[in-house]
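Engineer: Spelled out, the chains give:
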Amino acid sequence: MSVNLLLFKITLLFYTAATVLYLVDVVRRKEKIGKTGKAARWVLVGGFALHCATLLARYLEAGYTPVANLHESLSFFAWTLVGIFLLFDIRYRMTVLGAFSCPLAVILMLIGSTTSNTVKELNPALDSWWFPVHVTLAFLGNAVFTVAFVAGVMYLLQERMLKSKKFSALYYRLPSLDVLDSINYKCLSFGFPLMTMGIISGAVWANSAWGGYWRWDPKETWALITWFLYAALLHGRLTVGWRGRRAAIFAILGFLCLLFTFFGVNLLLSDLHSFKAMEGP
Amino acid sequence: MMNIIVVGLSHKTAPVEIRERVAFAPTDMARPLGEMRALPAVAEAIIVSTCNRVELYAGSHDPEACVGQLKGFLAAYHGIPPEQLEGHLYEYQGEEAIRHVFRVASSLDSMVIGEPQILGQIKTAYGYATEHKTVGSVLNRFLHKAFSVAKRVRTETDIASNAVSVSFAAVELARKIFGSLDGKKVMLIGAGEMCELAARHFLNNGAVSVLVANRTLERAVKLAEEFQGQAVPFEEFPQRLHQVDIVLTSTGAPNFILGPEKMEEVIRQRKNRPMFLIDIAVPRDIDPKVNKIDNIYLYDVDDLQGVVQANLKERQKEAKKAEVIIDQEIGQFHRWLENRDVVPTIVALRKKFEEIRQGELRKTFSNLKELGPKERQAIEALTAAIVNKMLHPPTSVLKRNQETASGSDYVDAVRTLFDLEIAAEEDDGELS
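Going down the list, the sequences are from chains E and W.
Just so we're aligned: 175 in this note's numbering is position 175 of the first sequence, and the numbers increase by one with no gaps anywhere.
With the second sequence counted from 1, adding 281 to any position gets you this note's numbering.
If you are wondering where the hints come from, they were derived from the structure by calculation, not from laboratory data.
In this text the structure is predicted, and so the values were computed from the model without any measurement.
C-beta: ideal position from N, C-alpha, C; glycine also.
Errors might be hidden in some of the hints.
[Claimed, not checked] DSS-like, lysine-lysine: derived pairs with alpha carbons at most 25 Å apart:
id, chain 1, residue 1, chain 2, residue 2
1, E, K163, W, K573
2, W, K552, E, K163
3, W, K602, E, K163
4, E, K165, W, K594
5, W, K632, W, K598
6, E, K38, E, K9
7, W, K598, E, K166
8, W, K466, E, K165
9, W, K404, W, K352
10, W, K601, E, K166
11, W, K573, E, K166
12, W, K352, W, K432
13, W, K644, W, K655
14, E, K165, W, K598
[As the list claims (entries may be wrong)] Partner residues aside, some chain W positions facing chain E, computed with beta carbon under 7 Å:
id, residue
15, R312
16, Y373
17, G375
18, D575
19, N576
20, Y578
21, D584
Isolated chain W (complex conformation):
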């Protein structure tokens, strides 16, 4: 029977020093895929390589040998002593392999649960493998199944909702305050990577203009150009505060640069239109008392981290629901895999022929009522002999090729030619 094997390592088992050494360059996948497919125990091959994981997926008739060969291949290809790699590698077969790939594709095994990139990366890996013709019917179907499982997880659970980065968390909070961010104005006080990232997110989500204030005006001008905004001399930013809805601060100032008195005045000038202040600086730039003012919402770095943590926890809860979905899907796929084995195929083939024979006999006997028991017996024996003789060559070919790479092709051919698809798989309408 064709088995699915996974050998690999990920951020959970290997440090980046190891991961970077075994990564495969996306520019040249032909050679590793070709070499992997050429391993004696490997019938089908896919290589997934991202910055967080390197995994080899194989279809094989000889799982034990296959695991060893894959490990050897990974070490040899990258010129690493196998014993150095051994401790970091994991290996899965059969149902466990299926579960692993479903979980990876559904982003349950990712560093940030629910992150969306991994599915795309697996699709790309699958693309390379089909391009270089190293996948056959089993991995083909397996990967498509993995994609549809990932899709189900994404639509049926909330695993990917709610921000898990500080800057996205800020955008989500702003949405809960302002509704739409369209037309909202942003002020950037001070510079800093996180601040700029957040400003960019705000712009991408509808905010229109950016005022940039910095102690060095040149830096402000440069940043303003980048955002197609406007630079403001640092001393003047307090006078412009009432014009903006969202303020991001990250100056290196040792003391608060904004206090409640100033902000009370600003909010009066704004006729109470709400403001969202995000203080990313440490030490903080804005006096926390400002949060007490009506219609002003002040978040510092810790607050945003708290939101992110809560969202992560929520994702973990959703991940439990996802595991249930995966459990269901594993069973289904495993049945399909077992059914396309040689023995059940032969059984199904014989059953099909026997049904045809019985059907035809019934018809004939009901037309020829004058036949005696002796004649009937003779016709029975005759038809049974014909069926047996006809089925003998295909049966023995299937059995002979059971352990070879082309075995599954024969199984596929027989199943297709005699229409032997089995009821276990009815849900593949929407494979991408």
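Only chain E is shown next, with the shape it has when bound in the complex:
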């Protein structure tokens, strides 16, 4: 087994351990961050460091930014997600956010571990430095919107409990509606520019590779749909005062679009963006 695959497996192990710790911490009712929560954070930081090493090893082995097939993309997605979560964690210090986000990273990694992980030649037409720029921006955007999705789910749960006046143990662990809504806004104001730049850099790259900025292939179309959805939410927030429940629902819808753009298009529809197109002749 090559170094990067071994590292990948250890990383997955760390993420799983962190997830378990986060969940255990959340199930217990204490409001302040307990020992388990702290342990979870450190395990996750360790996992993230390993993940960095995994990607580096893969990069050295493959000779290109390792986002050229589904296995690599999923790993990269999980990496940005954990990184963005850790950034948010510095500001918000919420184990419960970890308990919701980490399982997603684990799922991404698990799917990644089942897909083919062989290193293939990169299509020389695509080998430009726009490649890493495009994918990094796009995935960072995805990761930030994933956090928005998580905050949205948490918001809806908390709002439901406050409205129905029936409180489960989670009520005590979830932060206030205000905090969750502000996470939504923060994600939007970071995620949207990232996504926009991701799309623009993709267009520029496409132009240099295929000699055209935009071809309406399914991935491009769906990315645009997703972009419009988030644009609508941002607009609504800034002008009409959309917030709370509606913003949470939009964040969730946006994430579903995002997932479809990522998985659905790759697996079902795409031509240019499909991973087959990434391979050399």
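With chain E's structure known, arrange chain W on it following the hints.
Structural biologist: Using the frame of chain E, we list chain W on its own:
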């Protein structure tokens, strides 16, 4: 052996008519403490007196006599016929007494489980007793142990978290909606004790300004002054609603004074910034349909009561964890108490001397290899005789004073002088 005795009554065994008659005034604790300490079977004395309980804690060598004397003292001191009191009193000795005091200090025996005052009240009672020198080494240590148990219970369980009063429950809910209450604005519509109490809690927790609307403007002005807020004529309050985050209503109106149409308009004006409406009035002031509007959270009195009930249930669950902690601590303290008895002290003292003797003999014999068995035997006998002779007077003094009040002082002295502390107590670093 010194025993711990508790005699008393509480809200669980006695109605307020009885409790108020046996309460001790905090202004004059010297006399009752002095009289209690002077009872023949009482070696150490503490009196705890709160509005929910009156309890006498005693250290005694004669538990049976002590219980009777304490009951007699309580009745006589307050001039109540003893038979009238008898049915309300409980009495505990030994391990049961230890458990009782640990539970009381940890607020497991309180009317509202987990309420924080009781620990302070016991500390005060202990303060009076030390001030008037009616506590000795046993109650001293016992009370400190009780304080550290209470502290452990408070930090290791959630017994005191989550509000158990309606007004605090409202504040906690507001925190789950707004996060911090800093800068939030409150409107008070109508007057009422609970409403005002809740408004005060909101102000204490960061809310900044209060608008007061009342059908009688004078009352509004007076209340507004009290809260350093602003009075609003009753007819005008709907126009001001969009300026506030939290609304408390308790008018005597027979019908709803706020309905969904008005509130939809208000929330639009607020650009969907959330609002928390608390309707304490019966009949209700706000149409319950308002709760269906996005970003508005409406709670009436029953809803808040429901929250309080749920929190109380949660505290009872936590109380079970607390009992486990107390069980552990009782064992530890009981071992300490037993160990400071006369017999184990004498045993420990003899053991200590014997160890010294054996050690010295070994040294001497290994230096003087030329000694024959006869000489060795003679030296053995000599040293044993010295130790026995030396230990005879302290042993008999300890035994003679076993049943007297000063007995425990001798035990303490011997243990300190000969460094006989026993391993059962290593955890007293952080006594307050």
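Engineer: Which constraints among the numbered hints does this structure fail? Numbers only, ascending.
Structural biologist: 3, 5, 12, 15, 16, 17
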